[in-house]
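Participant: Residue numbers (the numbering used here), protein chains in the order written: chain X, 695 to 803; chain V, -3 to 109.
FYI, nobody ran anything at the bench for these hints, they're computed from the structure. Since no wrong hints were added, every one of them can be taken at face value.
To spell it out: a stretch of chain V is covered by chain X in this simulated footprint if at least three of its residues, at any positions, have a beta carbon under 8 Å from a beta carbon of chain X; those stretches are:
hint: 1; region: 32 to 39
hint: 2; region: 95 to 105
With beta-carbon atoms standing in for the labels, derived distance ranges:
hint: 3; chain 1: X; residue 1: TYR764; chain 2: V; residue 2: LEU37; range: 17 to 25 Å
hint: 4; chain 1: X; residue 1: ARG753; chain 2: V; residue 2: GLY12; range: 44 to 52 Å
hint: 5; chain 1: V; residue 1: LYS53; chain 2: X; residue 2: MET704; range: 32 to 40 Å
hint: 6; chain 1: X; residue 1: ILE711; chain 2: V; residue 2: ALA95; range: 23 to 31 Å
hint: 7; chain 1: V; residue 1: ASN66; chain 2: X; residue 2: PRO803; range: 45 to 53 Å
hint: 8; chain 1: X; residue 1: SER759; chain 2: V; residue 2: ALA95; range: 18 to 26 Å
hint: 9; chain 1: V; residue 1: GLN7; chain 2: X; residue 2: THR702; range: 24 to 32 Å
Selected chain X positions facing chain V (in silico; Cβ < 10 Å):
hint: 10; residue: ILE698
hint: 11; residue: ASN724
hint: 12; residue: GLU735
hint: 13; residue: ALA736
hint: 14; residue: PHE739
hint: 15; residue: LYS790
hint: 16; residue: ILE795
Owing to the predicted nature of the structure, the values given are computational and were not obtained by experimental measurement. Glycine included, each C-beta is placed from N, C-alpha and C at the ideal position.
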Amino acid sequence: GQNIDQPTEMTATEGAIVQINCTYQTSGFNGLFWYQQHAGEAPTFLSYNVLDGLEEKGRFSSFLSRSKGYSYLLLKELQMKDSASYLCAPREGYQKVTFGIGTKLQVIP
Amino acid sequence: IAGITQAPTSQILAAGRRMTLRCTQDMRHNAMYWYRQDLGLGLRLIHYSNTAGTTGKGEVPDGYSVSRANTDDFPLTLASAVPSQTSVYFCASSDSTGAYGYTFGSGTRLTVV
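Sequences and hints are given; from them, build the entire structure.
Facilitator: If you want it as structure tokens, here you go:
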């Protein structure tokens, strides 16, 4: 099975940088996804890390350390539209993806 | 526009009734999934299908059934709805590798009364 731990809520200021941490315990680890979910909407794919290190994609970056069971999502130059929940989702094998409850990020002016 | 279509968008259903939630994708993805999302519990996998003709059970399969007669369609059936099945249901799909993430439908909000 998989245990996923991420903060329930975070608040950050528009224009700032925020880091959302995720720790997980899994067997047969095969990568980790980050998804964004706005209230009342479907999750949308942000990133997928398989190897250790930082993956950068525009304002969003995701980091993975497999040995530590740790990942983070870094959001730069925060915008109001970034207010959403961010879901950490480790993958076990090919089809077993477990979603965390998510971190609700509120961006304030 | 390529993606996943779910129907209905929302539904109020009497307990004990049978209901099928529809899901269709036009991306030719091999794998499809059904999740339910409840406050405080996150997304939980109900059933999945790796390819047409095959299905598998997820974390919370009881009370639900699925079929995968072709690549595009993956309906979810509640044989006899109960109030605990009140939830938001998301259908998703991915290619065989899954490395590009899942594409989710817009969801079906189901209330069982």
